[in-house]
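Engineer: Please put together the full structure from these sequences, using the hints given.
Residue numbers (the working numbering), protein chains in the order written: chain A, 22 to 135; chain B, 251 to 358.
A hint or two may mislead.
With a Cα cut of at most 30 Å, we get these calculated DSBU-like pairs of lysine-lysine [said to hold, decoys possible]:
#  : chain 1 : residue 1 : chain 2 : residue 2
1  : B       : K357      : B       : K345
2  : B       : K272      : B       : K357
3  : B       : K345      : B       : K265
4  : B       : K323      : B       : K345
5  : A       : K30       : A       : K92
6  : A       : K104      : A       : K78
7  : B       : K345      : A       : K78
8  : B       : K307      : B       : K265
9  : B       : K259      : A       : K30
10 : A       : K30       : A       : K91
11 : B       : K345      : A       : K92
12 : B       : K315      : B       : K259
13 : B       : K315      : A       : K78
14 : B       : K323      : B       : K357
15 : B       : K345      : B       : K307
16 : B       : K323      : B       : K272
17 : A       : K104      : A       : K35
18 : A       : K78       : A       : K30
19 : B       : K357      : B       : K265
20 : A       : K30       : B       : K265
21 : B       : K272      : A       : K78
22 : A       : K104      : B       : K315
23 : B       : K265      : B       : K323
24 : A       : K78       : B       : K259
25 : B       : K265      : A       : K104
26 : B       : K345      : A       : K91
Think of the hints as simulated: they come from the structure by calculation, not from any bench.
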Amino acid sequence: DGGITQSPKYLFRKEGQNVTLSCEQNLNHDAMYWYRQDPGQGLRLIYYSQIVNDFQKGDIAEGYSVSREKKESFPLTVTSAQKNPTAFYLCASSSSGGAGSPLHFGNGTRLTVT
Amino acid sequence: AQRVTQPEKLLSVFKGAPVELKCNYSYSGSPELFWYVQYSRQRLQLLLRHISRESIKGFTADLNKGETSFHLKKPFAQEEDSAMYYCALHNQGGKLIFGQGTELSVKP
Numbered sequence: 022d023g024g025i026t027q028s029p030k031y032l033f034r035k036e037g038q039n040v041t042l043s044c045e046q047n048l049n050h051d052a053m054y055w056y057r058q059d060p061g062q063g064l065r066l067i068y069y070s071q072i073v074n075d076f077q078k079g080d081i082a083e084g085y086s087v088s089r090e091k092k093e094s095f096p097l098t099v100t101s102a103q104k105n106p107t108a109f110y111l112c113a114s115s116s117s118g119g120a121g122s123p124l125h126f127g128n129g130t131r132l133t134v135t
Numbered sequence: 251a252q253r254v255t256q257p258e259k260l261l262s263v264f265k266g267a268p269v270e271l272k273c274n275y276s277y278s279g280s281p282e283l284f285w286y287v288q289y290s291r292q293r294l295q296l297l298l299r300h301i302s303r304e305s306i307k308g309f310t311a312d313l314n315k316g317e318t319s320f321h322l323k324k325p326f327a328q329e330e331d332s333a334m335y336y337c338a339l340h341n342q343g344g345k346l347i348f349g350q351g352t353e354l355s356v357k358p
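Structural biologist: Right, here's the structure in full:
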């Protein structure tokens, strides 16, 4: 079954700890994205990558880091510098990253930091 | 600034009534616009895109460059249309910018 897999579904961490969210796709897509979804704020772009070994900051990159060492993987690390890390995180991919290329989304990871 | 605005957080209609979910955008170039939908307990998925000029599940959306709008319309709402709807703009740099979302509730 082709698609995007995010793991884990739920994640709990203590404040001050870094945590890494996994995102894997087997669609052979070039572009991958991380969004944060908060009630009333829609989806906000954290980071995106249009090609392996390259990525760009989105609108709310502070406190987050990513890597794109493999085409199929785009892990997101939520660092202790992120002031409000508790949120629902969505990963997505698209075939080319160009305008007009629709996104395919994962099921999301709900992160709770206490 | 590039921005997508969905002015309604919640839209509630009765089954069989027409529905229009509003979307306005701010973008200096030629926009590529999309509507995404998230049904309960399902992942976010593409509903339609303006370049296709298609009708999906009875929904249509027309790009109005003069009014910078891309409203989503359906003449007769069904209960299964109840979901969260997001309007999105894809810019030339590869970023997909989403609106805040509108929750559509179709009552029997």
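Engineer: Against each hint, give a clear statement of whether it holds in the structure.
Structural biologist: How the hints compare with the structure:
1. B:K357 / B:K345: Given that 30 Å is the threshold and the Cα spacing comes to 35 Å, the pair is violated.
2. B:K272 / B:K357: 19 Å, holds
3. B:K345 / B:K265: Status violated; Cα separation ~36 Å.
4. B:K323 / B:K345: Holds: K323 of chain B and K345 of chain B sit about 25 Å apart, inside 30 Å.
5. A:K30 / A:K92: 22 Å, holds
6. A:K104 / A:K78: OK: K104 of chain A and K78 of chain A at ~17 Å, within 30 Å.
7. B:K345 / A:K78: Judged against 30 Å, a Cα distance of about 10 Å means the pair holds.
8. B:K307 / B:K265: Given that 30 Å is the threshold and the Cα spacing comes to 15 Å, the pair holds.
9. B:K259 / A:K30: 26 Å, holds
10. A:K30 / A:K91: It holds: about 22 Å lies between the C-alpha atoms, which stays within 30 Å.
11. B:K345 / A:K92: The hint holds at about 18 Å.
12. B:K315 / B:K259: Roughly 23 Å between the alpha carbons, so the hint for K315 of chain B and K259 of chain B holds.
13. B:K315 / A:K78: 29 Å, holds
14. B:K323 / B:K357: Within the cut-off at roughly 17 Å; holds.
15. B:K345 / B:K307: Given that 30 Å is the threshold and the Cα spacing comes to 27 Å, the pair holds.
16. B:K323 / B:K272: Roughly 9 Å separates the two Cα atoms, so the pair holds.
17. A:K104 / A:K35: 13 Å, holds
18. A:K78 / A:K30: Distance of about 24 Å is within 30 Å: holds.
19. B:K357 / B:K265: 6 Å, holds
20. A:K30 / B:K265: 34 Å, violated
21. B:K272 / A:K78: Satisfied, since the Cα-Cα distance of roughly 29 Å is no more than 30 Å.
22. A:K104 / B:K315: 38 Å, violated
23. B:K265 / B:K323: Holds: K265 of chain B and K323 of chain B sit about 14 Å apart, inside 30 Å.
24. A:K78 / B:K259: OK: K78 of chain A and K259 of chain B at ~28 Å, within 30 Å.
25. B:K265 / A:K104: Between K265 of chain B and K104 of chain A the Cα gap is close to 43 Å, so the pair fails against 30 Å, i.e. violated.
26. B:K345 / A:K91: 20 Å, holds
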